[in-house]
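Construct the complete structure from the given sequences, taking the supplied hints into account.
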Amino acid sequence: MNTEPLSQELKDLGRAVQIPPVDTDALTARTMARLAEPAGTTTAGRRWAAMTRRRRQALAGAVAGLIIVLALTPPVRAAVADWFGVIVRSGEPVESEPIPQAGKSLSFEEARELVGFEPIEPRILGTPQGVEVSPDGRVLSMTWSGADGGVIRLDQFSGVEPTFLKELHRAAEMIDVGVTTALWFDGPHHVVRVDEAGREYTETARSAGPTLIMPVVDVTLRIEGLDRAAAIDIARSISGTD
Amino acid sequence: MDRVRAGDRDSYAILVRRHAAAAHRAAVIFGAGQDAEDVVQVAFVKAFQALPRCRDGAAFRPWFLRIVINEAKNAKRSAGRRWSATERLAALDVPLDGPDPAASTLSHERRAELMAAVRRLPVPQQRVIACRFLLELDERETATALGLPSGTVKSRLHRALRRLQRDLSPEVGVVEHEH
Chain E
0 MNTEPLSQEL
10 KDLGRAVQIP
20 PVDTDALTAR
30 TMARLAEPAG
40 TTTAGRRWAA
50 MTRRRRQALA
60 GAVAGLIIVL
70 ALTPPVRAAV
80 ADWFGVIVRS
90 GEPVESEPIP
100 QAGKSLSFEE
110 ARELVGFEPI
120 EPRILGTPQG
130 VEVSPDGRVL
140 SMTWSGADGG
150 VIRLDQFSGV
160 EPTFLKELHR
170 AAEMIDVGVT
180 TALWFDGPHH
190 VVRVDEAGRE
200 YTETARSAGP
210 TLIMPVVDVT
220 LRIEGLDRAA
230 AIDIARSISG
240 TD
Chain R
0 MDRVRAGDRD
10 SYAILVRRHA
20 AAAHRAAVIF
30 GAGQDAEDVV
40 QVAFVKAFQA
50 LPRCRDGAAF
60 RPWFLRIVIN
70 EAKNAKRSAG
80 RRWSATERLA
90 ALDVPLDGPD
100 PAASTLSHER
110 RAELMAAVRR
120 LPVPQQRVIA
130 CRFLLELDER
140 ETATALGLPS
150 GTVKSRLHRA
160 LRRLQRDLSP
170 EVGVVEHEH
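Protein chains in written order, with numbering that gives the first Met the number 0: chain E, 0 to 241; chain R, 0 to 178.
Hints may be right or wrong, so weigh each one.
What the hints assert, rightly or not - Calculated lysine-lysine pairs in the DSS-like style (CA-CA distance at most 27 angstroms, straight line): (1) 72/R with 10/E; (2) 72/R with 45/R; (3) 153/R with 10/E; (4) 72/R with 153/R.
If you are wondering where the hints come from, they were derived from the structure by calculation, not from laboratory data.
The structure displayed is predicted, hence computed values, not measured ones.
Following this line, the structure appears as structure tokens:
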């Protein structure tokens, strides 16, 4: 198949797209002003903080609204939403199950080479007992032994495309964590890996325990096996927002 | 780049100026609409905080574009638009016939036909087409911008191009609809 002529046509199409003009000097100046001023200390800072707050509230509203709507909608007809790579929809309550351990054949460095994003190495948790990458190369998972003998599991993925689907029978909680917003799921719930179009890899379906989902700039973290306070502490620490 | 990583703001300003236009274009293509400029500023602020994670020697632009794309998605939501995992890339709602039509050798009809065919692709394929051709990134940069393994980008691009070729008939300029 010779795709060269079509490729060239698509590039031409790109050049015909109407992009509103942008003043790069002004944009640079405004960006640097935002960087220079800690939120809340100056007019610009306050504006920035207010903007961020408004955006967060809008997002929180959207998620809360979404979850309420889903709770009232039979799962079959439930709409889906992709929040930083996680689709949430309504589902039945489930029993908790043990958290699966990650495999032991990869080091963090080896796993890092297999995924298409730059994963975070959470040194605060020490050396992981297991590190693995999903067959589609989109999720890097690590597990540790918790103080109570349970498993702590961290999954990392790029938030650009749907990656996990969670079914909830009650609302998740939005939590402000430093510069970002996390979503806390407080009870056992159904979780399954999905492909980029949201289709389920049914063999990965399981019952997950309480979980924190936190987008950190360029990667989304999914932390399972800790209580709410510990999960937030770990999330803050490994994202550098504490 | 080392100076920027070390937190040197003057060096970062140079980086911002250099990548601002490309970032703004990506924000518009990925559906930020009226918020495109704000999306770019927020992305630059976030990128500054996350710079230590931009791998040594790795290109800044594709890594940064991923932050822009994620932020554009976010802005779309705050604007109260409908949420859906399968929603069409608002990307492709951008108007055609930019300020410099001479830059394109395609007829107005052909452009409209091509855009319609791209819009009929599944969303994940639209994303790789948008990065690879509308933003003119190479395959490796496309993979970084979407956070995907490069093999995934290669096969997805191949499928998308094959489907577009099937869908478009260059000889007669007629679009065949798939059912």
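Here's how the hints hold up against the structure:
A C-alpha spacing of about 23 angstroms is found between residue 72/R and residue 10/E, which places the hinted pair at or below 27 angstroms, so the restraint holds. With a C-alpha separation of about 15 angstroms, the suggested pair residue 72/R and residue 45/R falls inside the 27 angstroms cut-off, and the hint holds. Annotation: proposed proximity of residue 153/R to residue 10/E holds, straight-line Cα distance about 17 angstroms (limit 27 angstroms). At most 27 angstroms may separate the alpha-carbon atoms for a hinted pair to count; residue 72/R and residue 153/R meet this at roughly 23 angstroms.
Hint violations for this structure: none, all hints satisfied.
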